[in-house]
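From first to last, the protein sequence lines stand for chains A and B.
Quick note, the first sequence lines up with residues 1 to 338 if you use the working numbering.
Quick note, the second sequence lines up with residues 1001 to 1282 if you use the working numbering.
Simulated from the structure, these hints should not be mistaken for laboratory data.
Glycine included, C-beta positions come from ideal geometry on N, C-alpha and C.
Some hints could be false.
[Said to hold, decoys possible] Here are some, though not all, of the chain A residues that point toward chain B, as calculated from beta-carbon distances under 8 Å:
id	residue
1	Gly141
2	Asn142
3	Asp147
4	Thr148
5	Arg163
6	Asp204
7	Leu205
[Claimed, not checked] Incomplete in silico selection of chain A near chain B, CB under 7 Å:
id	residue
8	Trp134
9	Pro135
10	Ile143
11	Asp206
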Amino acid sequence: MAIIRDVMPTFQLYQPTSVADAQKLLQQHESDALVLAGGLDSMDWLKDRIRKPKVVVDLGGINELRGIRDTSDGVNIGAMTTLTEVAQNAVIRQKYLVLAQASELVASPQIRNQGTVGGNVSQDTRCWYYRAGWPCYRAGGNICYADTPVGRNREHAILQAERCIAVNPSDTAPALIALDAKFVISTPKGEQVVDAEDYFVGPDLDITRMNILRPGYLLTEIRIPSTWAGAEFYFEKVRDRNVWDFPLMNVASAIRSSADVIQNIRIAVNAVAARPLRLKVVEDAVRGKPRNAVTGEAAGKLAVQGAVPLQFNAYKIPLMRNLVKRAISGVQEAAWAS
Amino acid sequence: MGILEWATSPLGQRVPIHIAWFLIWVALIAGLVFLIVHAIYVRYFAGEMDFASDTSTSETLELPPRISRHSLAARLFHWIMAAAMFVLLFTAFLPKVGIQFNWVTYHWIAGTVLTISIVFHIVHATFYLDFWSIWPDRSDLDDTWKRLQRFIGKRAESPRKFAKYPLENKLYHGVVMLSGLAVIITGICMMFRVRTIFFPRNPYLFSDMTWGLMYVLHGLAGVGLITLTIVHVYFAVRPEKLPITASMIVGSMSREFYLKEHDPKRWVIEGLSHPRSTEDGD
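In isolation and in its complexed conformation, chain A is listed as follows (with noise of 0.2 Å):
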């Protein structure tokens, strides 16, 4: 595990009050900078001393990236609003309680009080090879420590390993993509909006980055359309103790059903592969089948498909394949208290 050391190395903080400014601030210092917003990761980056950026831009004066705003089409989420006021916000739960329901399973109170719904989607990945400075493919080296015949995999990727077997962390990330949500991005070159399972990046693509901001861009919003509003949703996160902690997995599913026919659905997972998984051969079969334990038995085993365990994770498999299950036939032992 990661050693703190002593102080957080020196850095120059800047507090933009604005968007513009942040933008400015960012393309100014590049991948000199480091974005600061709950903190929760980065500050561990901080003070382990594995980061030194010579930037750190702190959003959090930067009042237009907080609060949720309920629309014609939808709602939009500040990228800037903490998970506590996501997963209170009265629309959401009312309308995308799948949102809800991933953002009060975060961690703690106190680290939803403080995290963000932008900084829980970007975070950074929790292999602790890589969080602990060591040069693997991730961090710019030629090795992943954890792929090894002794390295220790258990929390690591069953999908789309490619080199780098570590896995996304996030909990708001895939009922965000079972939401159909669109994540806006300031960029140099303007605003750009891209479907929620396309701003993750897996190893095959980028080994270094865990979504496609690149320096000078910044998340600043999340738009949830009304297409999902008031759907059946299910939400599952399974972790090694029931507070605090990462996922070992999650799946997030919206359902629309008629006659318990499933006339159309969402499924995403995460914590399989480095980046949330959207499950689309899941959705295509089954689309128009009867949303019971039959059918969720088969887009269990469907889901796993082309899954390679490593040393230590075999157990993800079957976990996958009825976290799938559970999230289609919407099992009601599943369910779980806030």
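Here the structure of chain A is known, so what remains is to put chain B in place on it, guided by the hints.
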């Protein structure tokens, strides 16, 4: 700014991890500068090629209209190797300059094709072709010395016409061979670090330092091949070299071109009645 990237291993050892990627641009610019300088030199400064050797009428009369230069097997090898080399270069370096795609699988597949084709070439060239024709010999050195003297304005005899391959071609082959073997040998070892169909991953096959040096050698040879490929393509499309390039497609060159640049005593066409020369060691 060094030419290597370094990191600290978990054991606290300072190890190289790969080359600095700006060397890609250095290699690219070096190749382009070479071709620009060469093209200017040929266009404005170089004189007509002047050869000493003469060809007897009897030899000329016996020659067929088309001189066979590359067998079908040799041509197939060349183009397969060329395709693999281009795939390897693009998959290796495009992601490093910002064009992101899933390159690893394509890279090791192309590397496997290149390795197989090189193994074939070694066997084919050793047992079925004139093995020594691509290696410099004493005549090449003598002629090069004469050409150098004439280049700097000193009096010297005219050099003889070329054997099957000019010295430049032979030297190029030697450099490509060294670079190619370097990337192939290191590349095969590096395949132990990724998931392939050939063998189980074993990233601990070598020490961190050995791995680091292997990545560095792979990278240096790789960027070297950028320059070498540019140079090769440049000569392939130069007007005076087109008959040679065409022969790599159709397998033969015209008798006129053969007689203009090649010495029948040094590159003996099989099946002719006059005795074979032993000058090239064949």
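Status of each hint after checking the structure:
Hint on glycine 141 (chain A) holds. Least Cβ distance to chain B is approximately 5 Å, under the 8 Å limit. Proximity of asparagine 142 (chain A) to chain B holds as hinted, the smallest CB-CB distance being about 5 Å (cut-off 8 Å). The restraint placing aspartate 147 (chain A) at the interface with chain B holds, with a minimum CB-CB distance near 7 Å, inside the 8 Å limit. Nearest Cβ of chain B to the Cβ of threonine 148 (chain A): about 5 Å, under the 8 Å cut. The hint holds.
The interface hint given for arginine 163 (chain A) holds, since its Cβ lies 6 Å from the closest Cβ of chain B, which is under the 8 Å cut-off. Annotation: aspartate 204 (chain A) was flagged as interfacial toward chain B, and the flag holds, the nearest CB pair being 4 Å apart, inside 8 Å. Because the closest C-beta pair between leucine 205 (chain A) and chain B is about 5 Å apart, less than 8 Å, the hint holds. About 5 Å separates the beta-carbon of tryptophan 134 (chain A) from the nearest beta-carbon of chain B, less than 7 Å, and the hint is met.
Checking proline 135 (chain A) against chain B: minimum C-beta separation of about 3 Å stays under 7 Å; hint holds. Against a cut-off of 7 Å between C-beta atoms, the interface hint on isoleucine 143 (chain A) holds, since the closest Cβ of chain B lies about 5 Å away. Interface hint at aspartate 206 (chain A): satisfied, since its Cβ lies 5 Å from the closest Cβ of chain B, which is below the 7 Å cut-off.
In summary, the structure agrees with every hint in the numbered list given earlier.
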